[in-house]
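Modelling step: build the complete structure from the supplied sequences, incorporating the hints.
Going line by line, the protein sequences match chains A and B. What the first sequence shows, in the working numbering, is residues 1 to 219, in sequence order. What the second sequence shows, in the working numbering, is residues 1 to 228, in sequence order.
Simulated from the structure, these hints should not be mistaken for lab results. Idealized CB from N, CA, C, for every residue including glycine. Possibly wrong hints are sitting among the right ones.
So, partial list: chain A residues that the calculated Cβ filter (under 7 angstroms) puts toward chain B [claimed, not checked]: (1) LEU31; (2) LEU34; (3) GLY35; (4) ARG41; (5) GLY101; (6) VAL105; (7) ALA188.
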Amino acid sequence: MRMDDMAASGPQKTITARKAGLVSCGGCGTLAPLGQHRCDRCEATLHSRRPDAEQRVWAWLVAGIILYIPANLYPMLVTRTFGQVQEGTIIGGAIELIEYGAWFVAFVVIFASVVIPVAKFVAIAALILGVRNGSRLSAHRRMQLYEVTEFIGRWSMIDVFVVAILTALVQLGFIASINPGPAAVCFALSVVFTMLSAQSFDPRLIWDSIEEHRARGRT
Amino acid sequence: MMTGISANRETLYAFTMHTRHPIMENLDRLVACRSCDLLLDRVIPPPGKISRCPRCHHPLISNKRSVIDNTLAAAVSTAILMTAAIYFPFISLAEAGLSRDASVMDAIGAFSEGWSAPLTIAVAAFIVVIPVLRAVALIYALLPLRLGNPPAKGAARSFRLAMALKPWSMAEIFIVGVAVALVKVTDLADVSLGPSFWAFAALMLIVVFENKTLCEWTIWRLLDPKRR
Ligand SMILES: [Zn+2]
Ligand SMILES: [Zn+2]
Numbered sequence: 001m002r003m004d005d006m007a008a009s010g011p012q013k014t015i016t017a018r019k020a021g022l023v024s025c026g027g028c029g030t031l032a033p034l035g036q037h038r039c040d041r042c043e044a045t046l047h048s049r050r051p052d053a054e055q056r057v058w059a060w061l062v063a064g065i066i067l068y069i070p071a072n073l074y075p076m077l078v079t080r081t082f083g084q085v086q087e088g089t090i091i092g093g094a095i096e097l098i099e100y101g102a103w104f105v106a107f108v109v110i111f112a113s114v115v116i117p118v119a120k121f122v123a124i125a126a127l128i129l130g131v132r133n134g135s136r137l138s139a140h141r142r143m144q145l146y147e148v149t150e151f152i153g154r155w156s157m158i159d160v161f162v163v164a165i166l167t168a169l170v171q172l173g174f175i176a177s178i179n180p181g182p183a184a185v186c187f188a189l190s191v192v193f194t195m196l197s198a199q200s201f202d203p204r205l206i207w208d209s210i211e212e213h214r215a216r217g218r219t
Numbered sequence: 001m002m003t004g005i006s007a008n009r010e011t012l013y014a015f016t017m018h019t020r021h022p023i024m025e026n027l028d029r030l031v032a033c034r035s036c037d038l039l040l041d042r043v044i045p046p047p048g049k050i051s052r053c054p055r056c057h058h059p060l061i062s063n064k065r066s067v068i069d070n071t072l073a074a075a076v077s078t079a080i081l082m083t084a085a086i087y088f089p090f091i092s093l094a095e096a097g098l099s100r101d102a103s104v105m106d107a108i109g110a111f112s113e114g115w116s117a118p119l120t121i122a123v124a125a126f127i128v129v130i131p132v133l134r135a136v137a138l139i140y141a142l143l144p145l146r147l148g149n150p151p152a153k154g155a156a157r158s159f160r161l162a163m164a165l166k167p168w169s170m171a172e173i174f175i176v177g178v179a180v181a182l183v184k185v186t187d188l189a190d191v192s193l194g195p196s197f198w199a200f201a202a203l204m205l206i207v208v209f210e211n212k213t214l215c216e217w218t219i220w221r222l223l224d225p226k227r228r
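Given below as structure tokens:
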């Protein structure tokens, strides 16, 4: 048994702020009596748990997944070289990089634009489903999953910035010009919505659900 | 014994539900884990150490040295570097006698045509506006403390804003995107990097520095008028 599992299931009673009749401020962490509306220190609205977490997480997540589809189908970049028009999708751009021999950069692009977004969709869905139905993963594992998801999600924005800088730079008239395709907007929105989805999740729910399951098991 | 990493269970606030502790009078001596809501005795770790929640291992309090100085330094540097980044040329491209200079503003304006126009606002916000806004908010909240004055009016709100905007401040992601883009165009044309590029590269280091040195808990305690 690991340390965290021991602490979670140890013989002594672990008590949460909510059980003690307290709420910790989401802004500054100050404790206040449960039911107080506004934090004395930072004036944030107090919530014991992020409000409507489940609905908000799902709403943003579904929006993020829907936009991710056109983001992959439509071109991200429209390149004109000597009058020839070439449209590149996210995957197409990465394949092109591999053809240049730029393996590492191709890996960064695929990781940021494909692996991270898809893994994030799965992770957020798993987290929110785990709160309701229980999960095969330990609470500690789910916690790590949440932290990684929150930390890494914003890095998906790399590809949008790549498009921005290429468009700004490659405007050499007839020789070469690059313009953004419709996928860029879809992809950026997908990343933003997925970030909002992760931010709507409340990690405290993971531990609440463990306590509830344990309480139910006991009776 | 005071151990820095309080994974030991002595720090668990363990009392039974039926014992009525005078909690409300002692809120200052308690701390709740932000990530699992566990209520704990407030144990300030020795300098340079981080205390973690015994249940979920989330950092509780990191007793870092010169938190105010370091955070202010990061904020002031961000403001200066960003001004330089906007003012100086970013990257220029030359091919067959034609050349093109792109500033950060051009990168922001890349999406300004057609229906992707709203993305211009988003890109401007992510790479310039939000990083600057955060820097200004941090300076506003922390400079009076550094000068030994009481916190300015709205200092707490301002610091809260700076922390809430953190995930949306993407200067460091932008510069990685630029690096990827450069790999794509180096075959096409000659690329030269301007001072603005290096300003952004430095901003990336500042972000790392801020993550290493900022302790929210410490700043919140200093901003609290009741505890001064
Ligand atoms: Zn507060
Ligand atoms: Zn915890």
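How the hints compare with the structure:
Interface hint status for LEU31 of chain A: upheld, as the beta-carbon distance to the closest one in chain B is roughly 5 angstroms, under 7 angstroms. For the restraint placing LEU34 of chain A at the interface with chain B, the shortest Cβ-Cβ distance is roughly 11 angstroms, beyond the 7 angstroms limit, so the hint is violated. Proximity of GLY35 of chain A to chain B is violated relative to the hint, the smallest CB-CB distance being about 12 angstroms (cut-off 7 angstroms). Here the hint on ARG41 of chain A is kept, as its CB sits about 5 angstroms from the closest CB of chain B, short of 7 angstroms.
For GLY101 of chain A, the interface hint is violated, the least distance from its beta-carbon to any beta-carbon of chain B being 10 angstroms, above 7 angstroms. The interface hint given for VAL105 of chain A is met, as the beta carbon of that residue sits about 5 angstroms from the closest beta carbon of chain B, less than 7 angstroms. Look at ALA188 of chain A: its Cβ gets to within about 6 angstroms of chain B, closer than 7 angstroms, so that hint holds up.
Checked against the numbered hints given earlier, this structure breaks hints 2, 3 and 5; the rest are met.
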